[in-house]
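*Asks:* Protein chains in written order, with this note's numbering: chain A, 1 to 531; chain B, 1 to 645.
Treat the hints as calculated values from the structure; they're not laboratory data. This one's a predicted model, so the numbers in the text were calculated from it and none came from an experiment. Worth double-checking, as some hints may not be accurate.
[Said to hold, decoys possible] Cβ pair distances, simulated, as ranges:
(1) A:GLY241 with B:LEU580: 31 to 37 Å
(2) B:HIS108 with A:LEU507: 58 to 64 Å
(3) A:ALA392 with B:GLN557: 45 to 51 Å
(4) A:TYR495 with B:LEU7: 30 to 36 Å
(5) A:LEU507 with B:THR208: 46 to 52 Å
(6) A:THR491 with B:PHE159: 21 to 27 Å
(7) A:THR491 with B:MET1: 37 to 43 Å
(8) B:ALA582 with A:THR65: 54 to 60 Å
Every residue gets a Cβ at the ideal spot worked out from N, C-alpha and C, and that includes glycine.
So the chains spell out like this:
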Amino acid sequence: MSLAFWVVTAPLIAALLILLLPKVRFTAAKVLALLGGLVSLVLVLAAWIGFPGTPSLFADASSVTWFSLPAFWQSTSLTVNLAFGFDGLSLPLAALTAFVVCLAVFGARGRAEEAGDGLDPRVAHPRSYFFWISMAAAGILGVFSALDIFTFFVALEVTLFSSFFLIQLFGKRGSNRAATKFLIYRGFATVAMLVALVGIAYGAAGYFGSASPTAITFSIPQLLGTVSHASAAQFPAYYRGALFLVLLLAVFIEEAFVPFHTWLPTTHAYADTPTNMLIGGLLTKTGAYVLLRFGVGMLPDQVHRYGTLIAVFGVINILYGAFAAWAQKNWRTLVAFGSISHMGIVLLGIASMTAAGLQGAMFMIISSGLLTALLFYLTGAIESRTQTLDMAQLGGLSKRMPMLSGFLLVAALGSLGLPLTSGFISEIQAFIGGFDRFPALSFVGVVGLILSAVYLLYAIQKTTFGPLRTAVDGGPGFAAGGGRDGSLDATPPEYLPTVLMTLFVLLIGIYPNLLGHLFGLSVQGLLGIGG
Amino acid sequence: MVQYAWLVPLLPLVAYVFLLFLGRKAPEGIVAGVSVVLTAISFVISLFVFQAVGSHPNGNDTYVFHWLTVGSRNFDVGFQVTHLNALMLVIVTLVSALVLLFSKGYMHRDERFPVFYQYLNLFVFSMLALVLSPNLLQLYIFWEMVGLCSYLLVGFWYFKPEAALAAKKSFIVTRIGDTGMFAGIILLFLASGSFDYSTIFSAATAGTLSFHGMSSGTVATVAALLIFMGAVGKSAQFPLHIWLPDAMEGPTPVSALIHAATMVAAGVYLVARAYPLFVSAPAALHTVAWIGGITALLASLIALTQRDIKRVIAYSTVSQLGYMMMALGVGAYAYGVFHLMTHAFFKALLFLAAGSVIHALDTQDLFEMGGLRRKMPLTTYTFLAGALALAGIVPFAGFWSKDDILGATLASGHPVLYAFGLLAAFCTAFYIFRVFFLAFTGQPRDEAKYEHAHEGGWVMAVPLVILAAFATLAGFFNTPLNHHGLERYLFADYAAPHSAAGTDVVATIGQTYPENIGLMAVSVAVGLFGILVAALFYWRPGKGAERAARMFSLPYQVSFHKFFVDEAYEWFFVGGGKRLAALVRWFDVYVLDGLVQLLGRLGSVGGRLLRFSQTGQIQTYSAWATVGLLVFVAIAVFRIGGVFG
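Please model the entire structure based on the sequences and the hints provided.
*Replies:* Laid out in structure tokens, this is it:
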């Protein structure tokens with residue numbers, strides 16, 4: 001078995017162990033989940049180090065035949081595999097996933113004392129909590145490393161219901177509706193994606209064409225090699241276009257693009273911090289990944305053809321997300337809309353179908369994942385002290401929490417694309433691509449750069465600057481939380497995730513070739529070498 | 001020597017990292033000592049670099065390495081030493097070292113003293129790295145970094161709501177300009193294939209910029225105007241000038257270093273650095289001249305009536321930066337840079353002297369000062385040197401550079417702009433001597449504050465004296481007496497054979513303007529007249545100010561309220577933006593999400609309807625199943641061409 005296989009199964013094994021062990025306490029379950037994540041992380045890094053520098057090659061792939069249907073339909077056979085492997089695109093995404101999962105698990109904690117609404121469900125049911133976190137982790141890792149459409153869907157389904165349970169069981173009071181909304185939206189996206197991808201597999205085998213069909217394959221590497229080269233007679237453009245639009249619809253919902261985004265702010269408003277980190281930092285990046293992997297990878301002509309449409313939606317997302325974020329009064333929904341705005345830049349980059357645009361989109365996926373997770377982590381830490389993230393009730397936090405406030409500022413600066421953070425290098429590449437093909441649209445889009453500074457610095461000013469607000473100072477959290485000398489700043493265990501995530505935001509910003517040399521390979525593969 | 005120029009920014013970076021690890025409890029002496037010494041070493045190296053470029057046979061030295069590979073192109077970082085850059089290194093390191101020393105006294109016993117020095121060192125590093133950038137991408141990176149440092153330092157006293165607001169405002173307003181610059185840089189990259197100055201210059205002057213079928217001249221004009229947007233924001237030019245006076249909420253050494261001498265001059269530096277591009281886009285150059293002229297006049301009019309000592313000097317900075325822009329715009333490249341240099345010295349001096357006053361009195365209101373001449377003689381006379389330099393009185397530094405600019409403006413055929421400049425020169429002399437008379441002469445207006453006024457010790461005195469010497473003498477770097485030494489130094493960047501720019505462009509840049517004794521006399525007379533009027537109103541204790549205000553009630557109010565620009569922006573842009581944001585939110589909650597809710601309702605109604613199909617009767621089910629099968633077979637036969645085959 002390859003590394004990729006174990007990367008995915010490590011959290012899965014952890015999840016099963018958590019389930020099998022009798023009556024586990026909170027810490028024990030957490031340690032098991034953390035171990036699963038750490039093993040994944042180490043293995044991803046091993047794969048990264050051993051990654052060969054050749055484009056469009058899935059290194060270290062492994063495939064197990066799950067089941068086979070001989071003479072499946074029209075005397076062709078169908079083999080369904082469990083296959084995993086990495087290429088230049090999926091490896092950094094898998095690394096990001098394993099990294100954020102570890103930190104989310106590490107940062108997971110329950111309120112020990114009984115609050116107004118009874119015992120914290122995370123404390124009451126730690127096994128269930130960490131089981132679903134580990135399942136979600138395995139699912140997301142599976143999505144990013146799947147080399148078979150069937151495997152991909154299994155993984156996608158796993159993320160769907162494990163996230164659903166995380167939101168519903170462990171979210172805030174009233175998370176029921178949010179969880180349902182999440183399930184319906186993403187469930188629908190999964191169905192649309194199933195139609196599109198199975199359609200592509202059939203199309204590649206020639207079922208829509210005039211020639212006689214060949215054997216169906218669900219293998220992603222094979223499809224990447226064949227679909228875009230398939231002749232018009234074999235796979236008519238009409239079907240490709242239709243399938244692409246279905247795929248695009250799925251991506252839009254999955255990625256929470258306007259106007260299919262309303263599930264995302266609702267989810268983030270109700271889910272707890274580790275769940276928000278998983279959903280905001282990782283799960284929402286699957287849509288963009290799908291667009292790159294299956295859209296750009298298999299139907300490049302269609303991406304090109306519908307480029308203007310995609311770019312228009314990209315710019316709409318940038319501006320809509322930014323304006324909506326400006327109007328938010330709560331940090332959670334602000335971060336949610338900010339991430340929608342960021343993903344608009346991804347859309348613009350992909351629509352350009354240029355090396356800079358695609359690479360910028362890939363950078364932005366990683367950058368937005370890191371920054372969203374970091375922002376959710378930090379605001380979560382602040383909320384655990386103030387009991388609120390309502391900006392009207394916050395103010396002057398720098399006085400009592402200088403380090404948390406400082407890191408919050410760094411995260412905000414990264415989000416608004418300050419140079420030497422990951423945000424900037426992503427934005428400039430994506431916009432180079434955007435301006436290359438859609439100068440006028442991109443010019444409208446760069447207004448988002450101003451708006452991101454407006455909503456983030458406005459929020460920072462309200463939260464950490466200014467005089468310490470008495471409403472906050474006298475709040476219950478201020479009495480209960482905090483360290484020995486009455487300081488409310490980050491505790492040592494809180495430093496670890498904060499510092500690590502910040503470090504990578506800066507590292508990518510200062511030394512972008514860290515990701516660039518992998519993404520560059522993938523871009524070469526996607527555009528054809530030299531393109 | 002030139003190949004070691006990277007040491008100049010590196011040392012402040014070392015100081016920054018060192019202080020970061022030293023932590024927030026480090027003793028003040030070590031913190032300030034390390035910072036001052038390392039920056040002073042940088043200054044010495046800068047002097048050697050300055051000298052070496054001058055004697056170097058092949059000026060523009062560039063050292064780069066690949067930072068990021070994008071497709072078939074590379075983004076490079078590195079450093080480049082030109083004559084202009086070398087001059088900037090000297091100015092920045094000198095003023096920085098002095099301000100770092102001054103801050104030891106000014107920030108004494110501040111709770112976050114080490115943090116202040118961290119930020120300042122980070123700023124000095126970023127500013128020097130900006131100056132040495134070999135390409136527009138790296139320039140943009142450090143352009144934003146100095147903006148960040150400005151944000152952090154303006155908001156240094158974060159608990160003050162005004163400081164919090166001012167920090168945010170400074171970042172966002174400059175960000176508006178920076179966004180245009182971002183687009184401009186990308187445009188140039190796409191049109192020329194590189195971020196490098198030299199590549200862009202040769203393409204622009206040769207007319208080979210190409211982008212989406214636009215002509216090379218159009219691309220150059222659009223790109224130059226977009227890049228100029230960044231300069232307008234950073235150098236607080238009209239219409240983005242509104243952030244700089246508010247930025248005075250930061251500690252005064254910050255105002256001296258960042259908001260007078262260095263960062264705000266970066267916009268002027270940028271236009272000077274990208275001069276071949278601007279020269280090949282005459283429309284853009286024309287815009288630069290007019291924006292500069294309007295800013296110089298507008299800001300000097302506002303400065304006439306401000307009550308806060310720092311705000312007067314801040315508007316003065318805006319106005320002087322306008323002069324520099326105007327100089328560059330009318331084609332007087334060397335004079336713009338020359339004024340940048342003299343201004344760095346005398347404006348830093350004025351701010352530090354004002355800081356000395358604020359430190360002594362604990363107020364910034366001019367009408368709580370008075371009579372300080374007796375208690376603070378050193379501050380008084382150094383301030384006077386700065387004021388004379390700013391007012392353009394012979395032979396102080398500002399006289400030479402400002403007069404060069406005014407002369408070149410008229411000689412290049414811009415009589416209106418010359419009139420703007422002359423009027424602004426009158427206002428300048430008036431407002432700065434208004435400050436001088438109000439603060440230093442006459443009787444104290446606030447006895448309690450006057451009581452404990454005192455000089456700030458040697459750490460604050462030494463920088464004042466050194467800067468006063470420069471404010472007095474720096475003009476002589478470029479006079480007929482030394483055959484315009486600075487001009488010749490700066491033109492060497494464009495001398496054959498190593499200039500990337502074309503010959504027409506080089507000719508335009510290297511144009512010189514002869515001295516005009518008549519014009520010089522006019523400017524000095526105007527300056528003296530301004531001082532005289534200020535003396536009439538403010539020298540003797542009394543009601544001079546109120547008399548002046550009553551005499552010119554309407555213009556006074558307009559000037560005092562800064563032409564209501566802030567109010568207009570607040571209403572239009574901030575208010576408009578907020579209204580639009582609220583609209584988007586409303587649309588999001590009630591229309592989009594409302595629709596989803598509606599669909600949800602429909603879904604549940606549909607579910608209730610479908611429940612009726614659950615009859616529990618096998619016959620009904622099999623009937624439906626048959627229908628379904630028939631439909632399927634029909635599709636299979638007509639569409640695919642057979643069920644089994």
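*Asks:* With reference to the structure, classify each hint as holding or not holding.
*Replies:* Going down the list of hints, with the structure as the test:
For the pair GLY241 of chain A and LEU580 of chain B, the supplied restraint of 31 to 37 Å holds, since their beta-carbon distance comes to about 35 Å. Range check, HIS108 of chain B to LEU507 of chain A: Cβ separation about 37 Å, and the 58 to 64 Å hint is violated. About 35 Å separates the C-beta atoms of ALA392 of chain A and GLN557 of chain B, a value inconsistent with the hinted range of 45 to 51 Å. At about 34 Å, the beta-carbon gap between TYR495 of chain A and LEU7 of chain B stays in the expected band of 30 to 36 Å.
The hint said 46 to 52 Å for the Cβ distance between LEU507 of chain A and THR208 of chain B, and at roughly 38 Å that hint is violated. The supplied range of 21 to 27 Å is met by THR491 of chain A and PHE159 of chain B, whose beta-carbon atoms lie about 24 Å from each other. A beta carbon spacing of about 51 Å between THR491 of chain A and MET1 of chain B contradicts the range 37 to 43 Å that was offered as a hint. For the hinted restraint 54 to 60 Å between ALA582 of chain B and THR65 of chain A, the CB-CB distance of approximately 57 Å keeps it satisfied.
The structure does not agree with the numbered hints 2, 3, 5, 7 stated previously, though it agrees with the rest.
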